[in-house]
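Chemist: Given next are the chains, with one letter for each unit.
There are 2 protein chains.
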Amino acid sequence: MDRIDVALLGLGTVGTGVYKMLQSNQDVIARRTGLLFEVKHILVRDPNKKRKVDGVKNLLTTRFEEIMATGVDVVMEAMGGVEPARTYIERAIRSRCHVVTANKELIAKHGAELEKLAQEHGVQLLYEASVGGGIPVLGTLQHFLKANRILRVSGILNGTTNFILTQMGEHQRSFEEVLAEAQRLGYAEADPTADVEGFDAAHKLTILSRLAFGAVVPVDEIARRGITDISPAELELAHRLGYRIKLLAKAEQFGEEGPVALQVGPTLVPLSHPLSGINGVYNAIHIEADTVQDVTLVGQGAGEQPTASAMVEDLCNLFRLPLPRPLSYRRPLVLPVWEEGGARFAFIETKDRLGSDISQQVKERLKRFGTSAVDVAWLPGDERSALALILRRWDPSLQEKLTEELELEAERVVFRPLLGTPEPVGAEREAKISSAQ
Amino acid sequence: MDRIDVALLGLGTVGTGVYKMLQSNQDVIARRTGLLFEVKHILVRDPNKKRKVDGVKNLLTTRFEEIMATGVDVVMEAMGGVEPARTYIERAIRSRCHVVTANKELIAKHGAELEKLAQEHGVQLLYEASVGGGIPVLGTLQHFLKANRILRVSGILNGTTNFILTQMGEHQRSFEEVLAEAQRLGYAEADPTADVEGFDAAHKLTILSRLAFGAVVPVDEIARRGITDISPAELELAHRLGYRIKLLAKAEQFGEEGPVALQVGPTLVPLSHPLSGINGVYNAIHIEADTVQDVTLVGQGAGEQPTASAMVEDLCNLFRLPLPRPLSYRRPLVLPVWEEGGARFAFIETKDRLGSDISQQVKERLKRFGTSAVDVAWLPGDERSALALILRRWDPSLQEKLTEELELEAERVVFRPLLGTPEPVGAEREAKISSAQ
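If you read the protein sequences in the order shown, they are chains V and C.
Take 1 as the starting number for the first sequence in UniProt numbering and just add one per residue.
Take 1 as the starting number for the second sequence in UniProt numbering and just add one per residue.
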């Protein structure tokens, strides 16, 4: 049986998980791959720190050079952050080591150039764990959707924000309150910016769009909005209208090698859509393609074990699955997204007292102004009332004039995109059905 | 660019889909695989029948020998049924052709021996399309869960029955009525036995258990029940208790190389479980494993395009992914399942008029007899009332004595298994929470 020498960079949550899995599942791995993986070195910052695994003392080192000097077959990077991970990975590739990493920020920012470098040196760089934790979404795109034209990839890619939105919706709690709880539970960082402002999801979307469309889009060109301005009332009204609000990351390509549109932001997902029921810390990716139609993958998007699993599966595949075909990445035209027409959800907080006839009033007033509302819901509230509409067509001027048209004194108005086209409701639906018959 | 000669057996729905995809997506496939696939022959029964695709006239033949005589690289079988598909595939393998098939019945019954034959002849036999249509579940088990110990695979594997149950539940319609509609829509066969009695799902479960556990279990050893005795009232009461009834196929392994339990039958899936929201003709597979925790794959389980997609993706992978490791299939001990203890859903139709205190009465009576109900729901009904219970522990004697204990004159009693352990509800839940604090 061939022995493969592995160096592990980092022994935090994910690194510990990888080490433990390589011990506990060694027999399964050997039987199914014919390979024996042995961790020879573990790079850490502090060799004296107490560790959660036994028997690693003699493997620890603080010097990356030492690892390269003795020579290993594979470097598994579980440190996170761009530097020094990038420098180490580059040096490993130049020394003809395969590399497995879970580092989404690094792969989002420098993945294309690192893959090119790996190809030049005849080694592989795999990073399944960087998107969706244990969900094999990158492998699915690369190996099981090669003969399909991928049209759109939509995902719930951040478990922290999905946990927060789920809790807010189920228990009518404020963003601030649930964030504090998530921090206590260890689901959110002390500085939650990367999660709640959508940066983490944007990194992952960059990686997905590269594998789905060959499109290299810098993270800062992704239209991005966070979840900090969402209230339980907004979630409640969206639900009454038949939607869940999710922090959705969406990449679309318009025609083969055509322009792309990428966005991360709170989005209304219809209750009938597979992504609407993804709750808590789960992640999911919905892939639309020309022949398979749609495939959705669901799983745990973070955590020691699922992330370690994805890294160790990559490790096994380095020696089983072929090198990818020469890469043909491109820098596509990136279309603006927030300005696009199409349907919108509008959420309005107002000090006006809303009567029970508000729904009919709103529909009539909007019609007079040439805009039509598909559906309306409202909450009376004690100090502030809330009103929500599904607008069939949106144009940027509505940003200014919607509340004027509705003759409401608005405290706050937000617009959110919808995934897909709104279903007709009520009388409109009946009209459509009878005309179809 | 290498050219690969393909013979297609069958030009029905799936065969037509394969032919169309190979034409329409030839450019994508060539770019991503470096291969040009060309259909050289199509085996049909009637060469004069009108076809849904153009340009195939010169490719049609009724003689399999003719195809073998000219020599092709790959045979794609889309005929269905055991014979003559089995004979053709064996001969193709012996002539050193790779084989791709969508034939679940054949692979369920003879897959292990055909794979062995293929291995002896240095060719591959791939059959992703045989389970879950376009969902890449077999590929995921083989390539992305090698380093994991798989514990349990649960799936909604039959689109016809899932469509029927969804329609019955959403619109309170009877089984017979919805079946007739499914037949009109082409979702169900004129003879619906294979679908509604669970044979189709059992075939697919056999294939899943072979790939997940290396366990070869003959289809007739799978505990199997159909959906013909389910009423809208039963679906309604299950929903009130927090569940959806699904025709679930479940395979579990107890310990590495240990015994297995396989069952297909109506099962209560908690609303919080990813499989509970899979509706209509969608299929889904939930995989539990020791390190990745759980992964769910969702997609269209049948139809021309999704099934063709899975076959063409297999076709591409023949030349890209490595031959599997020498197979080590085994005939495991198969445990009985319906007799097992554990929780049950009981649904009772009675001519007794149920009072509003029935819930409390039931709980008390059951307690007296040493059986506890977690939760109770009931419907008054016009002629017959219906009562449903979640029983924490079940033993076979309850089959006889449950209604006697409840002092009800039962017209009909059915018991169904639950996926997972029932959540405590009401006072019991509060007691559990307060004792945990």
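Rather than coming from a laboratory, the hints here were simulated on the basis of the structure.
Check the hints yourself; a few may be wrong.
[To be verified] Derived DSS-like pairs: lysine-lysine, alpha-carbon spacing no greater than 30 Å straight-line:
id : chain 1 : residue 1 : chain 2 : residue 2
1  : V       : K363      : V       : K351
2  : V       : K109      : V       : K57
3  : C       : K50       : C       : K40
4  : V       : K57       : C       : K146
5  : C       : K40       : C       : K52
6  : C       : K146      : C       : K116
7  : V       : K20       : V       : K49
8  : V       : K40       : V       : K52
9  : V       : K52       : C       : K40
10 : V       : K146      : C       : K40
11 : C       : K40       : C       : K57
12 : V       : K146      : C       : K146
13 : C       : K363      : V       : K146
14 : V       : K146      : C       : K20
15 : C       : K351      : C       : K367
16 : V       : K57       : V       : K116
17 : V       : K40       : V       : K116
18 : C       : K146      : C       : K40
19 : C       : K146      : C       : K109
20 : V       : K146      : V       : K116
21 : V       : K40       : C       : K351
22 : V       : K20       : V       : K50
23 : V       : K20       : C       : K146
24 : C       : K57       : C       : K20
25 : C       : K401      : C       : K351
26 : V       : K57       : V       : K40
27 : C       : K20       : C       : K40
28 : C       : K146      : V       : K116
29 : C       : K57       : V       : K146
30 : V       : K146      : V       : K109
31 : V       : K146      : C       : K367
Chemist: Of the numbered hints stated previously, which ones are contradicted by the structure, given in increasing order?
Modeler: The structure breaks hints 2, 9, 13, 16, 18, 21, 31; every other hint is satisfied.
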